[in-house]
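Trainee: Sequence:
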Amino acid sequence: MISIIITSFKEPLTVGKAIESFLNQDIKVHYEIIVSCPDKETADVVKEYSKKYKQVRHFHDTGIGKMHALNLLFKELKKPEILILTDGDVFVSGNSVDKILEAFKDTNIGCITGKPVPLNPRNTLFGYWSHLLLYGAHKARLKRSIKEKYFTCTGYLFAFKNNIVKEFQTDIPEDAIIPFIFMEEGYKIKYIPEAEVYIKYPDNFKEWIEQKKRVSKAYINLAKVTYNGKHVPKMKSFLNEIFEGTLIALTYPKNIREFFYTLLLFPARLYMWLKVFQEAKISKKQHADAWKRVESTKEL
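Read in order, the letters of the sequence shown are residues 1 to 300 in this note's numbering.
Fair warning: there could be bad hints in the mix.
[What the hints assert, rightly or not] Here are the computed distance ranges between Cβ atoms for each label pair:
#, residue 1, residue 2, range
1, 205, 254, 22 to 28 Å
2, 277, 243, 17 to 23 Å
3, 277, 26, 44 to 50 Å
4, 40, 268, 34 to 40 Å
5, 30, 268, 44 to 50 Å
[To be verified] Distance condition first, Cα-Cα at most 30 Å in a straight line; then the derived DSS-like pairs of lysine-lysine:
#, residue 1, residue 2
6, 217, 149
7, 188, 143
8, 217, 75
9, 188, 206
10, 78, 161
11, 147, 234
12, 40, 212
13, 75, 10
14, 54, 224
15, 275, 10
16, 99, 139
17, 52, 17
18, 224, 234
19, 230, 105
20, 139, 200
21, 139, 234
22, 213, 139
23, 234, 143
24, 54, 28
25, 224, 254
26, 230, 28
27, 188, 99
28, 28, 105
29, 99, 166
30, 254, 200
31, 139, 149
32, 224, 52
The hints are simulated quantities; they were obtained by calculation from the structure and are not laboratory data. Beta carbons are placed, not taken as given, at the ideal position from N, Cα and C, and that holds for glycine.
Required output: the full structure, derived from the provided sequences and hints.
Mentor: In structure tokens form, the structure reads like this:
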């Protein structure tokens with residue numbers, strides 16, 4: 001049995017597509033789809049699906065945040081062998097579950113992640129940035145997966161064996177600490193680019209900065225966390241972007257416009273990291289688990 005967990009907050013316009021992207025797959029094992037959300041608007045949509053499909057059920061979380069909701073579910077879900085995690089504002093490819101379960105036939109694998117694919121058009125500034133940044137993430141995960149090294153998964157689509165992770169700290173990224181726990185417990189983690197998850201990214205600078213800041217500040221918190229006495233390796237950092245991402249970024253453009261967009265990304269990322277440093281290190285505004293909407297991403 002597998003449990004597919006969709007965490008959502010005020011996403012009544014998109015959660016249906018997220019649910020249907022799993023219902024439409026030919027999943028050959030017993031499965032359930034649990035949609036965790038605290039708000040009535042999203043819950044009402046989920047309950048309509050649960051009337052039609054016995055696999056779907058609603059889980060009412062406390063509204064504190066995604067990490068807190070996951071910790072609650074980890075304590076409740078003891079029977080499923082595999083947990084698949086995704087969000088209510090994305091949808092997955094039709095082969096995603098099949099590819100994930102196929103990879104788990106290797107009993108040495110404990111944690112798997114799929115490939116994020118942007119829905120934003122490449123010919124716009126923010127659309128192009130989403131394509132470029134995800135291409136860099138794809139290259140980094142693929143390289144580390146082949147070498148059987150630690151890498152950060154994507155919270156948009158990742159899966160792992162159940163009853164290994166009992167609980168995790170809520171002010172850090174779940175898609176960074178969970179794969180590290182599995183590696184420390186003697187399992188491999190694997191990147192499956194054939195299992196795709198489709199995402200709409202912010203289309204304006206204010207929301208783009210806020211989203212990137214939130215993720216980056218969570219990774220600053222991660223630096224303080226240990227498991228088995230070991231610190232989680234840094235995959236996302238300012239220095240990693242410079243040393244690993246610069247060449248990828250400069251060779252990615254296909255035309256003059258894209259090269260110009262690439263050059264604009266460098267000062268934008270620098271500004272984002274300076275804001276992160278100022279807020280986290282100087283103003284002491286640490287990242288905390290909380291539901292926050294990015295309005296321009298809530299229509300698929």
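Trainee: Could you run down the list of hints and mark each one as holding or not?
Mentor: Here's how the hints hold up against the structure:
Under the hint 22 to 28 Å, the C-beta atoms of residue 205 and residue 254, about 23 Å apart, fit the expected range. Between residue 277 and residue 243, the C-beta spacing of about 18 Å keeps the proposed range 17 to 23 Å intact. As the Cβ distance of residue 277 to residue 26 is approximately 48 Å, the hint placing it in 44 to 50 Å holds. One distance hint, 34 to 40 Å for the beta-carbon pair residue 40 and residue 268, holds here, with the actual separation near 37 Å.
For residue 30 and residue 268, the Cβ-Cβ distance of about 46 Å falls inside the hinted range of 44 to 50 Å, so the restraint holds. For the given pair, residue 217 sits about 24 Å from residue 149 by alpha-carbon distance, which is consistent with the 30 Å threshold. In summary, the hint linking residue 188 to residue 143 is supported, as the alpha carbons are separated by about 14 Å, within the 30 Å threshold. Between residue 217 and residue 75 the CA atoms are separated by roughly 27 Å; this keeps the pair inside 30 Å, and the hint holds.
Between residue 188 and residue 206 the CA atoms are separated by roughly 38 Å; this puts the pair beyond 30 Å, and the hint is violated. Annotation: proposed proximity of residue 78 to residue 161 holds, straight-line Cα distance about 11 Å (limit 30 Å). This hinted pair checks out: residue 147 and residue 234 have alpha carbons roughly 16 Å apart, not beyond 30 Å. Of the pairs offered as hints, the one joining residue 40 and residue 212 holds, with about 28 Å between alpha carbons and a cut-off of 30 Å not exceeded.
Distance check on the hinted pair: residue 75 and residue 10 sit about 24 Å apart at the alpha-carbon level, within 30 Å; holds. Our distance criterion of 30 Å between C-alpha atoms is broken by residue 54 and residue 224, whose separation comes to about 42 Å. Of the pairs offered as hints, the one joining residue 275 and residue 10 holds, with about 27 Å between alpha carbons and a cut-off of 30 Å not exceeded. Only pairs whose Cα atoms come within 30 Å are accepted, and residue 99 paired with residue 139 is accepted, the gap being roughly 19 Å.
Straight-line distance between C-alpha atoms of residue 52 and residue 17 comes to about 15 Å, which keeps the hinted pair within the 30 Å bound. Between residue 224 and residue 234, the direct Cα distance comes to roughly 11 Å. Compliance with the 30 Å bound is thereby established for this hinted pair. Pair hint residue 230 plus residue 105 holds up; C-alpha atoms about 29 Å apart against a cutoff of 30 Å. Of the pairs offered as hints, the one joining residue 139 and residue 200 holds, with about 20 Å between alpha carbons and a cut-off of 30 Å not exceeded.
Between residue 139 and residue 234, the direct Cα distance comes to roughly 16 Å. Compliance with the 30 Å bound is thereby established for this hinted pair. About 22 Å separates the Cα atoms of residue 213 and residue 139, which keeps this hinted pair within 30 Å; it holds. Among the hinted pairs, residue 234 with residue 143 is consistent with the structure: their alpha-carbon atoms are about 15 Å apart, no more than 30 Å. Proposed proximity of residue 54 and residue 28 is supported: the alpha carbons are some 16 Å apart, at most 30 Å.
A C-alpha spacing of about 40 Å is found between residue 224 and residue 254, which places the hinted pair above 30 Å, so the restraint is violated. The hinted pair formed by residue 230 and residue 28 fails the criterion: a straight-line CA distance of about 39 Å is larger than 30 Å. The straight-line distance between the Cα atoms of residue 188 and residue 99 is roughly 16 Å, inside the 30 Å bound, and the hint therefore holds. As the CA atoms of residue 28 and residue 105 are separated by approximately 14 Å, the hinted pair is consistent with the 30 Å bound.
With a C-alpha separation of about 25 Å, the suggested pair residue 99 and residue 166 falls inside the 30 Å cut-off, and the hint holds. Restraint check: the Cα-Cα separation between residue 254 and residue 200 comes to about 22 Å, which is no more than 30 Å; the hinted pair holds. Taken as a hint, the residue 139 and residue 149 pair is honoured in the structure, with Cα atoms around 14 Å apart against an allowance of 30 Å. A C-alpha spacing of about 46 Å is found between residue 224 and residue 52, which places the hinted pair above 30 Å, so the restraint is violated.
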